[in-house]
Structures are given as structure tokens and as C-alpha cells.
Amino acid sequence: MKCCYECGTPLVKKYLEKEGMVPYCPKCKQFRFPIFNTAVSMEVLSPDKTRILLIQQYGKKRNILVAGYVNRGESAEQAVAREVKEEIGLTVHDITFNESQFFEPSNTLMLNFSCVADSEDLSGVTDEVDHAEWYERSETPQVIAQNSLAQQFLLAFLNRKA
1 MKCCYECGTP LVKKYLEKEG MVPYCPKCKQ FRFPIFNTAV SMEVLSPDKT
51 RILLIQQYGK KRNILVAGYV NRGESAEQAV AREVKEEIGL TVHDITFNES
101 QFFEPSNTLM LNFSCVADSE DLSGVTDEVD HAEWYERSET PQVIAQNSLA
151 QQFLLAFLNR KA
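Under our numbering, think of the first position of the sequence shown as 1, with each following residue one higher.
Any given hint could be a false lead.
[Unchecked claim] List time: in silico SDA-like cross-link candidates among lysine to any residue, alpha-carbon distance up to 25 angstroms: (1) Lys61 to Arg137; (2) Lys60 to Pro141; (3) Lys61 to Val125; (4) Lys14 to Pro34; (5) Lys13 to Tyr24; (6) Lys2 to Lys29; (7) Lys49 to Thr91; (8) Lys60 to Ala145; (9) Lys85 to Gly124; (10) Lys61 to Glu136; (11) Lys60 to Thr126; (12) Lys2 to Gln101; (13) Lys85 to Tyr135.
[As the list claims (entries may be wrong)] If you anchor each label on the Cβ, the simulated ranges turn out as follows: (14) Gln142 to Gly59: 19 to 25 angstroms; (15) Lys85 to Val22: 37 to 43 angstroms; (16) Phe103 to Asp127: 23 to 29 angstroms; (17) Tyr15 to Thr50: 52 to 58 angstroms; (18) Phe33 to Ser119: 38 to 44 angstroms; (19) His93 to Pro26: 48 to 54 angstroms.
In case anyone wonders, no lab produced these hints; they're calculated from the structure. Backbone N, C-alpha and C define an ideal beta-carbon position, used for all residues, glycine too.
Whenever a hint applies, use it, and build me the whole structure from the sequences.
Shown next as C-alpha cells:
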């Protein structure tokens, strides 16, 4: 963030006790903490928890986790349930936070969760998703998009639940 999001004035670094050097707007006389997006990604598990749902989107032939942005006014857990319902048509429960990581390319704090779907029925997949498929847990490391944040989250999840 180089300019004030209120008035557009270039920000300067100024010391703030207990925070260190923080961007400061000399015109508004306000500290300006970074603004970033918040999104969720999820390992969607089959009802018996033996398979994980992976999807393909945006014309790319690579498997990723279901993900989406958190809307203003909703919790991350509500976003997990909403995104799975909107994109896949499934209802989920047992929503559990796993870990978070900042994703620089989209200025997004990614919050990773796991959840359990009420069914494996993929007939409700919407046009937001090009392809959705259930994979056995053991095969997901080979079919997830390599060197991706989705892969990092998936592998960490599998290692924790092994």
C-alpha cells in the first residue's frame, strides 16, 4: 500500500508504539494498516471421510481445492459452507480450521479448512466449476496442482490426519 485509501496521499513510514514502523498518512494524520482480501479453501471430504473432492476451474486442467472469498459480514466457516453449496451443490458439516497462509499474487489471506459433505452427489456442480471429482486420499498428492498453495494445504492436511 503506497497511498492512503481515504485521500490518496502518499504514505510515509512512522513509528507506532508496540507496532513498529507503520504506513501513515500525513494529510489524514492516521496510521493506515494494510488492507487485504480474505478467502477460504477447503478439503471437502466424502461422508465416510475416505475421499477428497478436487475441482478444475477457469479453463485450467489442474486440480485444486474448492475455494472462495469471504463476504463482508460472514464468518470464515459460513463462507466455507456457502462456497461449497454455491459451486458444488453440497451441504457440509464438521467445518474445521487447519491453517492460514498469505498468498501474495492476489493479496489474500487464505484460510484453509476441512469439512465433510453430506453426500458424494456431484449433479449440483455449477458453471463456476469446469470439473469436479472425488479422489481417494492416497491419490490426491499425485493429482493436485503441483507447486500450488492448494497442494501445500492438502499435503499439510494429509500429514496431520495420517
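How the hints compare with the structure:
no.	hint	result
1	Lys61 to Arg137	20 angstroms, holds
2	Lys60 to Pro141	18 angstroms, holds
3	Lys61 to Val125	17 angstroms, holds
4	Lys14 to Pro34	14 angstroms, holds
5	Lys13 to Tyr24	6 angstroms, holds
6	Lys2 to Lys29	15 angstroms, holds
7	Lys49 to Thr91	15 angstroms, holds
8	Lys60 to Ala145	10 angstroms, holds
9	Lys85 to Gly124	9 angstroms, holds
10	Lys61 to Glu136	19 angstroms, holds
11	Lys60 to Thr126	16 angstroms, holds
12	Lys2 to Gln101	23 angstroms, holds
13	Lys85 to Tyr135	19 angstroms, holds
14	Gln142 to Gly59: 19 to 25 angstroms	22 angstroms, holds
15	Lys85 to Val22: 37 to 43 angstroms	39 angstroms, holds
16	Phe103 to Asp127: 23 to 29 angstroms	25 angstroms, holds
17	Tyr15 to Thr50: 52 to 58 angstroms	54 angstroms, holds
18	Phe33 to Ser119: 38 to 44 angstroms	42 angstroms, holds
19	His93 to Pro26: 48 to 54 angstroms	50 angstroms, holds
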